Amino acid sequence: MRFFGAVAVSVLASAVVICSPGWGVPLFLEPRAYPVGTSPVGIAVGEFSGTPGLDLATVEEGNTVTILSNDGKGAFARGGQITIAARYVPTGIVSGRFNNDLIDDFALSAEDNENPDFNGAAVLYRSTAAFRYSATSVTVGLSPACVSVADITGDDIPDLMVCASAEDASGVLSVIPGNADGTFGAASAISLGAVIPYRLVAADIDHDAASRPDLLVVDMVGNAVWIFYGKDPGVLPGPAFEPPVKLASVTSPTAAVVARLGQDALPDIAVTSAPSGPGQVLIFRQQTPRAFSEPVAYPVGADPVDLAAADFDNTGTVDLLSANNHSSDVTFLLGHADGTFEPSETVRVGTGPVAIAVADFNGDDRPDFATANQDDETFGLNSQSVSVVLNGLFDPNCDGKRDAADVATVTHRIFDRTSGCLDRPVTAADITLAILGMGTAR
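1 is the number of the first residue of the sequence shown in the working numbering; add one for each residue after it.
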């Protein structure tokens, strides 16, 4: 029997060689749908319930924020719904721990219909108890399109940044400095000139000696992506940036991420582009500080609107997820160590996803994801949905990887009639899964 097992392992290993990457076993499980409010426009992850497990919050055009409470195992139920004042039209949401308790807070970017100067607002919700919040607002620029959180002032306290415009239609970044007591100060405006911010990423892109935060700005109006490199403001706290550098002209850019997309030392940039027809993700590799290669395009679904990066298959390199509005799906781009990608899997979610969030929802140390679906009517006309998709990495030897060891483990488990670390008996069908899983290993 041992000899036969060894032969089987050898045969299986030989079979693996001929497996195409396109034959890989699906990484993600079937999505679970949960009802939220009317027409969500954003989604955020946080500890909103005060109990173990990362929760979800969606902000909706129906002037509500719906909180989905996690049972710690990746199953959700409505934990609460917060009404937004009628004067505001929300456009985005971000979470953070502003007041240093055990419950996360959140902030919204919003139009303010009662502002006499037509300015917008950042509406801040600080927790007072589970699912209970105290709301305040800060005036920002016109037509706020996004909200982000980062320590942009360099004082180790999270600040808020809102994409906005000035009266002359130029771009403005409204910076709202955070205070040590969890409150926020008045917004200050950083002029972006002709760059109109639609999405914003704050990160140390060039890895300078001072680790200053830089800004990656997605300008949908100008069909371009820009970088504002940080510089010494002279007097801290306070952000300061060099004149903008145009990364590239991009047709209808909608979202971006900054991450090491290979095994190099410098961060790279990925941008979603939504031209008419199929969408694409453009990869810009940073070859030396502030010098990027020409973009390489990878196909995704129709009208990509959001992008996320994480090591989903636990191989030490970053993968990408593109949320595609018109095709109502998410494209999984499998990342390789050399910084290249391949479309590996398409996950169908609710109708009209507009935002994506990534976190470990079921506590297995593997990233999962969720989408806010603006047009889904599974739960009725006025109750749209969130799709939660758990990571189903097939890992029979529980080493956290897809590799040849899985094939050997499954084969030996069949012959010695044990289940290894799986929660069920191993069957011959698992040999096929192990071989297919090798198709996505790197």
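No lab work stands behind these hints, which were simulated from the structure alone. One or more hints might be untrue.
[Claimed, not checked] Quick list of in silico lysine to any residue cross-link-like pairs, SDA-like style, CA-CA up to 20 Å: (1) Lys-231 / Pro-158; (2) Lys-73 / Gly-50; (3) Lys-231 / Glu-242; (4) Lys-231 / Asp-206; (5) Lys-73 / Leu-266; (6) Lys-73 / Pro-295; (7) Lys-231 / Thr-251; (8) Lys-246 / Thr-288; (9) Lys-231 / Ser-249; (10) Lys-246 / Thr-183; (11) Lys-231 / Pro-275; (12) Lys-231 / Asp-208; (13) Lys-73 / Asp-101; (14) Lys-231 / Pro-289; (15) Lys-246 / Thr-315; (16) Lys-231 / Glu-294; (17) Lys-246 / Gln-263; (18) Lys-73 / Ala-291; (19) Lys-246 / Gly-277; (20) Lys-246 / Asn-223.
Everything numeric in this text was worked out from a predicted model, so none of it was measured.
Inset, instruction - Would you list, in rising numerical order, the hints stated earlier that this structure does not obey? - result: 5, 6, 7, 9, 10, 11, 13, 15, 16, 17, 18, 19
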